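Sequences listed follow chains A and B, in order.
Counting from 25, one number per residue, gives the positions in the first sequence under our numbering.
Counting from 102, one number per residue, gives the positions in the second sequence under our numbering.
Watch out, some of these pointers could steer you wrong.
Think about it this way: if two alpha-carbon atoms lie no more than 30 Å apart in a straight line, the pair counts; the simulated DSS-like pairs of lysine-lysine are [as the list claims (entries may be wrong)]: (1) B:LYS207 with B:LYS218; (2) A:LYS255 with A:LYS289; (3) B:LYS142 with A:LYS497; (4) A:LYS297 with A:LYS255; (5) A:LYS421 with B:LYS207; (6) B:LYS142 with A:LYS461; (7) B:LYS148 with B:LYS238; (8) B:LYS211 with B:LYS127; (9) A:LYS152 with A:LYS218; (10) A:LYS47 with A:LYS154; (11) B:LYS207 with A:LYS568; (12) B:LYS238 with A:LYS497; (13) A:LYS557 with A:LYS497; (14) A:LYS47 with A:LYS352; (15) B:LYS142 with B:LYS127.
Hints in this document: simulated from the structure, not taken from any laboratory.
Since the model is a prediction, treat every value here as computed from it, not as a measurement.
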Amino acid sequence: MHLVPSLLQQMCVYLVLAYMLSKTPIFLPLLNISSQRSHKFSCYVLFSLFCILGTYFGLNINDAIANTRAIGAVIGGLLGGPVVGFAVGLTGGIHRYTLGGFTDVACAISTTMEGLIGGLLHLYLVRKDKSYLLFNPLIVLAITFVAEVSQMLIILAVAKPFDRAYTLVSEIAAPMIIANCVGAALFVSILQDKKTIFERYSAVFSRRALTIAERSVGIWSTGFDGSSAEKVARIIYEETNVGAVAITDTENTLAFIGIGEDHHKPNTPISSKYTRQAMEQNRIIYLGARESPYHCSISDNCKLGTVLVIPLRAGKKVVGTIKLYEPKRKLLSNINRSMGEGIGQLLSSQILYGDFQQQQTLLTQAEIKLLHAQVNPHFLFNALNTISAVIRRDPNKARELIQHLSHFFRSNLKQNIETVAFKDELAHVNAYLTIEKARFTDRLTVEIDIHEALQERLLPSFTLQPLVENAIKHGISTMLEGGRVRIYSERNGVGYNIVVEDNAGQFVPALGDKQGLGMEIVAKRLVHFFGDKAALQTECEAGKSTRMRFLVPDQVSS
Amino acid sequence: MLTAIVIDDEFLAREELTELLQESAKVNVVAQANNAIEGLKLINTLKPDAVFLDIQMPQLSGIELIGMLDPETMPCVVFVTAFDQYAVRAFEDNALDYLLKPVDPKRLDKTLQRLLKVKHNQEAPHTQAQIDALTPKILQQVPCLGHNRIMIIPLQEIEMVYSDLSGVHVQTAHQTASSQLTLKTLEEKTDLLRCHRQYLINTKSIKEIQLLDNGLAEVVTLSGKLVPVSRRYLKTLKHMLGII
Chain A
25 MHLVPSLLQQ MCVYLVLAYM LSKTPIFLPL LNISSQRSHK FSCYVLFSLF CILGTYFGLN
85 INDAIANTRA IGAVIGGLLG GPVVGFAVGL TGGIHRYTLG GFTDVACAIS TTMEGLIGGL
145 LHLYLVRKDK SYLLFNPLIV LAITFVAEVS QMLIILAVAK PFDRAYTLVS EIAAPMIIAN
205 CVGAALFVSI LQDKKTIFER YSAVFSRRAL TIAERSVGIW STGFDGSSAE KVARIIYEET
265 NVGAVAITDT ENTLAFIGIG EDHHKPNTPI SSKYTRQAME QNRIIYLGAR ESPYHCSISD
325 NCKLGTVLVI PLRAGKKVVG TIKLYEPKRK LLSNINRSMG EGIGQLLSSQ ILYGDFQQQQ
385 TLLTQAEIKL LHAQVNPHFL FNALNTISAV IRRDPNKARE LIQHLSHFFR SNLKQNIETV
445 AFKDELAHVN AYLTIEKARF TDRLTVEIDI HEALQERLLP SFTLQPLVEN AIKHGISTML
505 EGGRVRIYSE RNGVGYNIVV EDNAGQFVPA LGDKQGLGME IVAKRLVHFF GDKAALQTEC
565 EAGKSTRMRF LVPDQVSS
Chain B
102 MLTAIVIDDE FLAREELTEL LQESAKVNVV AQANNAIEGL KLINTLKPDA VFLDIQMPQL
162 SGIELIGMLD PETMPCVVFV TAFDQYAVRA FEDNALDYLL KPVDPKRLDK TLQRLLKVKH
222 NQEAPHTQAQ IDALTPKILQ QVPCLGHNRI MIIPLQEIEM VYSDLSGVHV QTAHQTASSQ
282 LTLKTLEEKT DLLRCHRQYL INTKSIKEIQ LLDNGLAEVV TLSGKLVPVS RRYLKTLKHM
342 LGII
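Could you build all of it, start to finish, from the sequences and the hints given here?
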């Protein structure tokens, strides 16, 4: 039992070495369960060295060596897989064999065996998708225990003569099992610490994501196209330090920036089936692991070795992808899945917002067109009927009415005019009312009193006349007689209230019918132009009056 | 020669159509009305061969008006409209004649030829099916003429309706007004209940029923008015109220 402290001492030296190595980049490949061949190879070299080191640090006992070789073999297998484990074990075993002694063969076999045990556990956990357990010290402790026990059994079985083997095993079994198990567990916990530190990098990634968000605001408002995609790709390329960034729509590569620009050209059809797959299944695809290596679909000489394909959505619809690449040689990847998800979501919501902005602009244009088209046919034919009757009795008056009707239509047909001066809108209203007065004869009187100061002010087109038309159509025309429409301005603290008042008092809050739509558009255009305070207000005293008013503020807040 | 009434709320539209009709020399325009309620009165008193009827008018539309006419004295109705897609579709679906404003004299002449033929053959101007398809089955309000004014009285305000030598009268809690609608039309198109040859009662405004001798009864309305119930209708009234 005196061996226990000595072996633990050895183990400590061994772990100090491991700790120091963990501070160097040599260790980094170990932290990701990677399938790249170069990583496997470095894993093999590193743990073979640890294996051999374990042997050299061993204590000579009765022509045998009590040692901590198992740590290297088991962890080598655990992190590198069965092949690496076997190779590490074999290397360590052959080295031990060359040192001779009556247990040389037994030790060579058992070390190989230990590497293999580690490798098999690796295989099992990876298949079960529980590779995170590989870094669990307790699991490592348990598997090292199994490996050490089998080593003892192999020594008993293989080493001759049995009596000597038995004596040796009874002496070294307990110390070696304790030292190796504890050592392996501590070794792995060093690795795990390193991994935790590494994962803190993602905090840095988040900060980058915020910078990306800030820089890319508003770029999509011109739509999801080549020029906006290139700007965004460049921002992401600069901020993430990845090898290359590509943005595609559903058909073509819109932008490509970084390594491989020479053969990944923008405005070419998507060639990678994984990109299509990511869009079809609406999920992120990562290529670069052993199960799904990335091969450039365009050039065999492409230096890119890893890619993260992230679908971009506008609402629920997939509109394209963003792809982040890293070159083959690069050990520490800037690509991180959650970072990818973040960028994907960020860009998706920006695209959606850009879409929304674009549609809003279109909508305003469509609304104006709608209002142009919304010359009430009932008004038109009644006007013609009135004129037809007037021709008979007063041709001059008829000619005058036709002039007013022409004026009305001309100002209605002025395309794409967003704003109009008050005096022009009043002329338009006047043309309209002259026709309606002729039609309703003594059933309609009109009073207009708009303050002089407002005459040159601008207001959104198609706002005042629709209010007047509304008052006639839903107010005056329901009255048997005595209809009166007043259009006037009232001074208040912040500007002028414009009021359109009828004395019918028939206003019923609209329930989404055509009339409601017309008034809704008027209300929206007023708020859009004059600000929230200008919102259209309606007051109705049933059977007495309906007043619709809006504010023309002295100062227009944008 | 046809007799006709022109009903339109616009003065110039009325004048124009009247002049076109007079020029045709086939029609004698015997009256004009500037709203449907006046029009209803004129139709009932003058009983013209034809009515030229605007659709959109204040208070009561042209379509509502024909639903209030007595089918037995129904004149030939020709709708006149500037633009009313829904109504025009309904007319076409039901083979009813209509004219578009401004009225084309040639088109008007076709209508007049047809009207003359109907009058000559003494055909019924419209089938009941045509009228039913166009007009609402149940009236929600009753147009009335008061002293120098026109009122539209909602059905639920009416306590009873009665007829006497001067016409049909609608009684609410506070006022009495004359209606151009016959008791028969009101009985058919509203849920007012007949309780006497000359009386309809709104069952919702019955406060109590006083049973008298000889199987007669008297209803007291919520506002305290008395309505006679004849022997013939008492049973129906009791039945309606759930009293056996």
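Structure-based check of each hint:
1. B:LYS207 with B:LYS218: Status holds; Cα separation ~17 Å.
2. A:LYS255 with A:LYS289: Measuring from Cα to Cα gives roughly 15 Å; hence the hint holds.
3. B:LYS142 with A:LYS497: The given pair, whose Cα atoms are some 27 Å apart, holds under the 30 Å limit.
4. A:LYS297 with A:LYS255: Roughly 25 Å between the alpha carbons, so the hint for A:LYS297 and A:LYS255 holds.
5. A:LYS421 with B:LYS207: Judged against 30 Å, a Cα distance of about 26 Å means the pair holds.
6. B:LYS142 with A:LYS461: Distance ~28 Å between B:LYS142 and A:LYS461 Cα, so the pair holds.
7. B:LYS148 with B:LYS238: holds, 24 Å
8. B:LYS211 with B:LYS127: The given pair, whose Cα atoms are some 12 Å apart, holds under the 30 Å limit.
9. A:LYS152 with A:LYS218: holds, 24 Å
10. A:LYS47 with A:LYS154: At roughly 26 Å apart (the allowed maximum being 30 Å), A:LYS154 and A:LYS47 satisfy the hint.
11. B:LYS207 with A:LYS568: violated, 44 Å
12. B:LYS238 with A:LYS497: holds, 27 Å
13. A:LYS557 with A:LYS497: holds, 27 Å
14. A:LYS47 with A:LYS352: This hinted pair holds, its Cα atoms lying about 23 Å apart.
15. B:LYS142 with B:LYS127: Since the Cα atoms of B:LYS142 and B:LYS127 sit roughly 24 Å apart, the hinted pair holds (cutoff 30 Å).
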